[in-house]
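Engineer: As a plain string of letters, each chain reads:
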Amino acid sequence: MLKILGYINNDLKKITLNELSEEYSLIWIDCYAPSDDELLQLSKKIDIEIEELKVGLDEQEVPRVEEEDEYYLIIYKAPLFEEDITTTSFGIYIKDNIILTLHIDKIKSIGKIYNLLKTKKPKILLDRGKGFFLYNLLNQITLSYSKIILNLEDELDKLESNLLQDQNNITGEILQLRKTLVYFHKALVSNKDVLSILKRKYLPITTQDDREHIEDLYYDTLQLIDMETTYRELLVSMMDMSLSLENIRMNQIMKVLTMVTTLFAVPVWITGIYGMNFKYMPLLNNPYGFWIVMGISAIIILILLYVFLKEKWIK
Amino acid sequence: MLKILGYINNDLKKITLNELSEEYSLIWIDCYAPSDDELLQLSKKIDIEIEELKVGLDEQEVPRVEEEDEYYLIIYKAPLFEEDITTTSFGIYIKDNIILTLHIDKIKSIGKIYNLLKTKKPKILLDRGKGFFLYNLLNQITLSYSKIILNLEDELDKLESNLLQDQNNITGEILQLRKTLVYFHKALVSNKDVLSILKRKYLPITTQDDREHIEDLYYDTLQLIDMETTYRELLVSMMDMSLSLENIRMNQIMKVLTMVTTLFAVPVWITGIYGMNFKYMPLLNNPYGFWIVMGISAIIILILLYVFLKEKWIK
Amino acid sequence: MLKILGYINNDLKKITLNELSEEYSLIWIDCYAPSDDELLQLSKKIDIEIEELKVGLDEQEVPRVEEEDEYYLIIYKAPLFEEDITTTSFGIYIKDNIILTLHIDKIKSIGKIYNLLKTKKPKILLDRGKGFFLYNLLNQITLSYSKIILNLEDELDKLESNLLQDQNNITGEILQLRKTLVYFHKALVSNKDVLSILKRKYLPITTQDDREHIEDLYYDTLQLIDMETTYRELLVSMMDMSLSLENIRMNQIMKVLTMVTTLFAVPVWITGIYGMNFKYMPLLNNPYGFWIVMGISAIIILILLYVFLKEKWIK
Amino acid sequence: MLKILGYINNDLKKITLNELSEEYSLIWIDCYAPSDDELLQLSKKIDIEIEELKVGLDEQEVPRVEEEDEYYLIIYKAPLFEEDITTTSFGIYIKDNIILTLHIDKIKSIGKIYNLLKTKKPKILLDRGKGFFLYNLLNQITLSYSKIILNLEDELDKLESNLLQDQNNITGEILQLRKTLVYFHKALVSNKDVLSILKRKYLPITTQDDREHIEDLYYDTLQLIDMETTYRELLVSMMDMSLSLENIRMNQIMKVLTMVTTLFAVPVWITGIYGMNFKYMPLLNNPYGFWIVMGISAIIILILLYVFLKEKWIK
Amino acid sequence: MLKILGYINNDLKKITLNELSEEYSLIWIDCYAPSDDELLQLSKKIDIEIEELKVGLDEQEVPRVEEEDEYYLIIYKAPLFEEDITTTSFGIYIKDNIILTLHIDKIKSIGKIYNLLKTKKPKILLDRGKGFFLYNLLNQITLSYSKIILNLEDELDKLESNLLQDQNNITGEILQLRKTLVYFHKALVSNKDVLSILKRKYLPITTQDDREHIEDLYYDTLQLIDMETTYRELLVSMMDMSLSLENIRMNQIMKVLTMVTTLFAVPVWITGIYGMNFKYMPLLNNPYGFWIVMGISAIIILILLYVFLKEKWIK
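Residue numbers (full-length UniProt numbering), protein chains in the order written: chain A, 1 to 315; chain B, 1 to 315; chain C, 1 to 315; chain D, 1 to 315; chain E, 1 to 315.
Calculated from the structure, these hints are not laboratory results. Mixed in with the good hints, there may be bad ones.
Derived DSS-like pairs: lysine-lysine, alpha-carbon spacing no greater than 30 Å straight-line [said to hold, decoys possible]:
1) A:Lys95 - C:Lys179
2) E:Lys147 - E:Lys123
3) B:Lys186 - D:Lys54
4) B:Lys106 - A:Lys201
5) A:Lys147 - B:Lys106
6) A:Lys201 - C:Lys201
7) C:Lys179 - C:Lys106
8) D:Lys95 - B:Lys199
Please model the complete structure; the sequences and the hints are all you need to start from.
Structural biologist: Structural data, given as structure tokens:
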């Protein structure tokens, strides 16, 4: 699917591949899960080999900056909202007045930029050139990570209070969060490297101002890595604690079972004894026999209860 | 909330935003959880962009030193006393004769400095200039970490003796301490980096003397990191041990259960047998039948007790 | 087993050891699990010491590039499909117009290259010289890793849903996957080092073009390492979770056991009491005795059920 | 508590603070847990600021070498024998002909040096100057670590055989050892850094010979770190194993319980059935009824025993 | 115990300490667990201080190369076959035409070299000088590690299949292997450092050829480290899995117990009810009473069995 926006004289037009021209001060081509045919056409029009374009469509590609003779390629990782939250790679190709974003998965941040352009502020985003647009794109993605990670904090707090209050099984949720954080860690660390290159290197696509903006993004990413690492360690602690709590609960259950079994072992045996059909048994014909036997049973039960109480099995 | 103190000719005055002037040798503005309006005014008066000020209010910001053209910004992490003890970032802006501390969370150490100034020793803290005041601020924060970590040591000792003596569940407390230490570790390591820059770099805001003081702080922070790491490793050991102890306790409980069940299995069966209503059963009419059966039961129980004793199930 | 292919004037011939000559623009000797005799002959014909050749046959050898006076030796690790998927080392010797691959285990990728040459595209693979053929060889191996790792992703997803749905034991499969990933990690990291040398160093066996191709391989390998690490961490999380789930299941089972035992403890004791053969027992001759006793039993059972419900043992 | 020894003309005298003079070729002041007053006096006499002296009394201080204008300060960590074996920091101040050791905790090695001086060999230790005395001090401490760590080895062996033989709970002892090793690791690693500086740097307080001795100490410390790390890893393995063994023991216990319960379930039910008071029950009046029923019970028990044997529950 | 071999004119003689002379082209002194007297004599004859020799006898010494004025000392770690397989340090002193190996533990590889010299090939090993002999010594030790590690692979495979098939306790064996690997890891890493110095540094005791041989050893050691690390990770995985399997087995046992208890709970209660001696009970005199009650019991048992089957407790 191809969406192309051309910016000329403070005006933003939706154009087609055939209308690409150098008149526009900036053209943004967003290419999402293209068909083979679309890719072929795109390759022809902007004159980048189809093999090179396919690199941008590989969702596992390692983030990096590639300086080719004719264009720049930036591979970057964005959050991917599927069943779980993981990450996906996408490619940003910058050539002359064209910025091409190429991705196989749906990336929310790109949709957001598109909406911003269509509705409100094309001028603000596009007047300052390619480098600034690039910064805005990367910024949206960083914000997207940021939002999810801040959400995680709330989820962590909820999990923690769940853990301490009742016996719900939080293992599934912990696994989910750990998975997301594992993906985020990898993604953020390699994004950080990309930003570190973009902020340091004097690429012709960025101005000094852009580089300063990107430096801010760099620190934001560092901060996200820091938070994410903290949360990951807390999750491990919580997993440990959850395991320990399950053991403690098991202990409680076993104590109940053992108490019940122990309390009634002798009394039941006694009733069994007097249920035997021997002709001659002591106390059998004694009018107080029943009460004597029941009294002994009661005393045994009381002694055992006292022992359990002293051993703190009953609290 | 804004609190402004101006120091002039050995005299400390509480002033307002409009009274800021270069007459004062040192002005300290403490801005805690400012309203949008306060922030706007502050921004105008001291001529730092509002966007820049907001950096100091982000409680997740990464500690660092930023040298801008007009001012210096130091982001630092302080302990945060909420439900759990975690950490929070705050900003110190130094511009001309103004030191501005900007924070969204309540920071005890800043309150303490404020009280010190108001009650006793403005002269000692303020006569030696901005760098020395900055040192005192950072020092208070380091002391605050220090106190908490020393407290942790006592708590660890208490936990350890709890662990060895009875069966209280210490998992919740271990989790709490681990959480605090995870936050402290991140905070102290990045604070250390800030101090390392402040002690090395010849910034115009610090004198040689200040830098030497800050070097001491640097070593104090190293020491705190060292202690905190040690305590973290001990907590992991204790968690392991707690898990193991729970298993051992479970084993004990299971042994009691198994012993009780095993002891009475055959005797109860025997009483069941002689409780059956068959007309013809051996021993039934034998006057010693009851005693023979009871004797056999007793022997079985004694043999089993002997086995349990030998297997060290009973100690 | 020796297979030798000679390429001359766009023509590919299957030749023998004795037909080796400098006429061919490229000769590929694939030597798989050679007999001592074959190895001796090979050593004589291509004039590399037999000791040196044995290095290539050691399946544990560390991947590296060795520049000898007369030839180049590249040790590389390929996936090995046996019971489990592990890895094996093999040697690539490059001398004059000869490329010799020497391996003790069956390597699928080499078989694939051989088939490609025999069936379809000798010209494409061989026209561009030794360096390009080497690149194709290494590329096939990287693709082979890639396929397996992508398969792993599916297996991981399957494991995860298994984990959450029912109580199958997935431990064995997790162990299998972890084993494969441990081997892959070692292999990919050392392969990466080999590729890093090949892409940087101006060896006479590679052209600038070849080095650029190898650089792509280098990034592909980085990407594989990244994926493999991610999956390894997920496997550890899943192992943790599996352990926790087993504990939770045990808790459930113990609860059932404890409930059943507790529910019937008193009612069974009561029936035992009224099964005793005392002459004088209360209620015994009361016509409603049976119903009174049964009513008491029922009430006890109902109270216990209510307690279990409140404690959330029954959901 | 202050102990001062002055060495002059091969003669060792116990002197007081007021007798300090430059006549002595070497003066050793050992100051253990000084009162405020003692510290004040000491500070005056040797002309080091009291704040600086307090650094040496902080038991948590990070080991390091500080070169001040007038004196050298070495912070070093020694083993501390309290309830558990942990570590403590102490300060060595070297100024002119004075060596001052300042410590808040009792340090055995210093006591040992003191005894050596008082009883036997003042000449050997003191004739070769400050550097050599310093070396001897540090050497005693290293020996002290060494002895404890070698003891640990024996304890580890004992633990291991305990682990494999019977069911004593070794968790407490493992925790103790882990704690000691965690402290030792931190201490030895920072001591190593101190020694590394002392052996490399041309400080005026050490001769070439002293530096060579200190280099030996450096290697000894490396060796201790190596041993300590090994033991720590073994402790973790043993903890894992202990956990696993407890699980296995639990399995054994549960098997016994399950066997007993299962063996008697049906036979007890059968006796219950024939204990019912129905008028009409099969076999009731059959003279062989009792034996038939008992035979069936015996067969059931034998079948179950056979099953348990086949499933290897009974070995 | 001292064994001395002198090599002169292609002839190998067993000589004594007094016969040491510079006539021999090479003298090998193997000194195993020497008495104090032997050590004293040795020290005198070869003129190395006794303190220096004792370094070689310390089994915990850190491997390294020391260049003294008069001689070279190489500390190296060899496998030690005692109860478990661990490692031990020994010293190789090279001075003039003398190679002295000094060790407190029995080292198999040295015995093997000795046998090789005595029986077959003195010429091959000794003609090429000290460096080559040194290489052969180190090579034997590396081979010794190699053999043990290859054995480990088989043991690992055996453990793995044990793990998957039946319920033997493999924890003890895993602990054993982990212990060996922990010692090997430390030893191989420091040996690698020694080899790295020997292969790089132009010591007068090695020729260019020797250094090339040692480089091969260096790669062999790298390979061993690689294998050993892999096996260690696999052992941890297996330990995890073993723990998990024990839990699963426990679950199975608990299920059996719970099923048996649950199946008979109600039927046994029913028999108890009809075993009570009330005069008036329903069905008691009904000729089908017995069959009705037994039928109800059977139906309850069948329903429960169906539930267990559906819950997959019975498979």
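Engineer: Need the status of pair E:Lys147, E:Lys123: alpha-carbon distance at most 30 Å?
Structural biologist: 26 Å, holds
Engineer: So if I understand the rule, the pair passes when the alpha-carbon distance is 30 Å or less; does B:Lys106 with A:Lys201 pass?
Structural biologist: Measuring from Cα to Cα gives roughly 40 Å; hence the hint is violated.
Engineer: Starting from A:Lys95, check that the Cα of C:Lys179 is at most 30 Å away, please.
Structural biologist: 45 Å, violated
Engineer: Hey, C:Lys179 versus C:Lys106, does the alpha-carbon distance stay inside 30 Å?
Structural biologist: 20 Å, holds
Engineer: Assess, step by step, whether the Cα of A:Lys201 is no farther than 30 Å from the Cα of C:Lys201, and give holds or violated.
Structural biologist: Holds. A:Lys201 to C:Lys201 sits at ~25 Å (cutoff 30 Å).
Engineer: When you check the alpha-carbon spacing of B:Lys186 and D:Lys54, does it fall within 30 Å?
Structural biologist: Distance ~29 Å between B:Lys186 and D:Lys54 Cα, so the pair holds.
Engineer: Hinted pair, alpha-carbon criterion (30 Å max): A:Lys147, B:Lys106. Please report holds or violated.
Structural biologist: 24 Å, holds
Engineer: D:Lys95 and B:Lys199 were given as a pair; does the straight-line alpha-carbon distance stay at or below 30 Å?
Structural biologist: 26 Å, holds
Violated hints, in rising order: 1 and 4; the structure is consistent with all others.
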